[in-house]
Amino acid sequence: AGPAPAPPTGGSGGSGAGGSGSAREGWLFKWTNYIKGYQRRWFVLSNGLLSYYRSKAEMRHTCRGTINLATANITVEDSCNFIISNGGAQTYHLKASSEVERQRWVTALELAKAKAVKMLAESDESGDEESVSQTDKTELQNTLRTLSSKVEDLSTCNDLIAKHGTALQRSLSELESLKLPAESNEKIKQVNERATLFRITSNAMINACRDFLMLAQTHSKKWQKSLQYERDQRIRLEETLEQLAKQHNHLERAFRGATVLPANTPGSVGSGKDQCCSGKGDMSDEDDENEFFDAPEIITMPENLGHKRTGSNISGASSDISLDEQYKHQLEETKKEKRTRIPYKPNYSLNLWSIMKNCIGKELSKIPMPVNFNEPLSMLQRLTEDLEYHELLDRAAKCENSLEQLCYVAAFTVSSYSTTVFRTSKPFNPLLGETFELDRLEENGYRSLCEQVSHHPPAAAHHAESKNGWTLRQEIKITSKFRGKYLSIMPLGTIHCIFHATGHHYTWKKVTTTVHNIIVGKLWIDQSGEIDIVNHKTGDKCNLKFVPYSYFSRDVARKVTGEVTDPSGKVHFALLGTWDEKMECFKVQPVIGENGGDARQRGHEAEDSRVMLWKRNPLPKNAENMYYFSELALTLNAWESGTAPTDSRLRPDQRLMENGRWDEANAEKQRLEEKQRLSRKKREAEAMKATEDGTPYDPYKALWFERKKDPVTKELTHIYRGEYWECKEKQDWSSCPDIF
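For the sequence shown, the UniProt record's numbering assigns the number 1 to the initial residue and increments by one for each residue that follows.
Just so you know, these hints were derived from the structure itself, not from any lab.
Fair warning: there could be bad hints in the mix.
[Unchecked claim] For lysine-lysine, the following DSS-like pairs were computed, each having C-alpha atoms within a straight-line distance of at most 25 Å: (1) Lys-522 / Lys-509; (2) Lys-118 / Lys-225; (3) Lys-537 / Lys-485; (4) Lys-559 / Lys-509; (5) Lys-36 / Lys-545; (6) Lys-221 / Lys-150; (7) Lys-689 / Lys-537; (8) Lys-701 / Lys-682; (9) Lys-682 / Lys-709; (10) Lys-570 / Lys-467; (11) Lys-467 / Lys-338.
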């Protein structure tokens, strides 16, 4: 891209720069990326907002971006550069034509920020004071009355201190008037000074307490109003969502009653609503009896909710293919090495609001869900899908340069999200002790094992090892909240990747997954946040930014950017791509800046260093009818001989659901959950009895993983203890629990 050209003389001058200095417009250079470097943009500062355009003429129709100064930080980098950031995804690296011009902009920005903050505070203090309920007012008055009495007590103590302090000083003054040795007079003066300081300090304390009381009286009103506003908003939101959901359900039923869709119609009305949760979400389907919500309504599935097949049993399928024929085809496929299809997803309809109306603001591991919202894979199998692009780690293991190796590790990290873009159904939550193995040692050089090591909170441990020179391990706990319009899924836990030849040990964490349009509209998934990948041996780092989708942004959707730096912080590679398609890297060629330092730009030869790190494999034919499974996902639930009796492939409700027998799957799911609940209660009773008897009791422990402190991160985590593959070879599964 080269150094940015200087703007024309006076090009950065802004109208409205005089007066208060809080409004301004003019040319500035904005950092875009390592390919284009700094680009000239027209900036407008007005009403506490800083907006920019590609040209002055563009102001009439297209704004390229806006940042609110009330919550922004303004930092000066050097003579011409400065940064504006709101602490989130918005950060502007800007450059003025001269130091004087930069100072004019910074001054105007600081003034505009101060004004915006003041206006925000005033708007918070204003409002309808009548919105506070009578109960809240009474509670507030009682609290303030208590505070006032305490301050009065302090004031009384202050008066006593002042009284006794005055008497003490009088006595000390009388001592000074006596004929005492000079040394004694000096000591008395020191004591007198300390007594005076003590009285001054006590007065200051009382004044501070009075100030605190005044602040409490001022701010408590604002807090009460904010709380009441949030309560009202929640009620309005729930009412609006319920109304929308009822209208949507009514329209859907009316349409089905008036129109009979042909069997080969691809997709059908409401098919997008059969999916509820993100594919990355690990949400438990059962809990204690007192934690269930509307369980009879959910599990019984009354016919008035539309839980029946409509038009065609198989969306998008030819009418002459029945479920039984598909099941027969599936059994034939299991005899082969890999299967390439599964039974098509039946077209069931369900009143989503009947399930989700009790979920707003709750942790979804407390909410029971029918299989209608699932896909026929468990969370353990979804976790194994992270290995779909294992060849990236194979390539990384061959890299001699640690920074290049880090680029491939970063691409592998991004690739694990590529399967989620259309996967809006949630996986089955594994039962405690459930396992899943994937043995691809002969074909791809690796084998993998997952185990559900905890039920509340839900946690799964994963260990994969490759003869091509790498080991991947992780323990992931999933927390999720339904927010009304969207579902947030936050994976917790650290992922480790170790390369055997060099000993390079990388760690990183996952970003937040958000599922939008839960109630009304087409479901879609977004990934947002930052990932820091660290090489604990060399100190190299890679920072990946998953840019959240914005309707107003003209940027490419699902964008990911990154920088690979050495221990000194110097950037060597820039990463660019999307989490659903591809990732590329560019070797950074810094140029010398005006002050002799490295500028944030790249030489023209940087474009020649473009390397395609990863590109997503195309989905199989008719994937839209098979839950949008990838080629690997289609094989994961195929029956295999010799696996542990706890393997996810043997889970009956999941198998019934895959074969399209959803009513039977729901009944089987209830049976499994009840069986797990009884097992948990039995363990709790044994623990209680052992406590009463004073005898030792061993809590539940995972079978193939051991909980210990990780030597690198110092976190308590489950690490593979070994012996699984040896037990498989011997077919000795005597230690496995009966969970199915």
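Hints, one by one, checked against the model:
no., hint, result
1, Lys-522 / Lys-509, "violated (29 Å)"
2, Lys-118 / Lys-225, "holds (19 Å)"
3, Lys-537 / Lys-485, "violated (44 Å)"
4, Lys-559 / Lys-509, "holds (18 Å)"
5, Lys-36 / Lys-545, "holds (18 Å)"
6, Lys-221 / Lys-150, "holds (20 Å)"
7, Lys-689 / Lys-537, "violated (48 Å)"
8, Lys-701 / Lys-682, "holds (15 Å)"
9, Lys-682 / Lys-709, "violated (29 Å)"
10, Lys-570 / Lys-467, "violated (33 Å)"
11, Lys-467 / Lys-338, "holds (21 Å)"
The earlier numbered hints that this structure contradicts are 1, 3, 7, 9 and 10.
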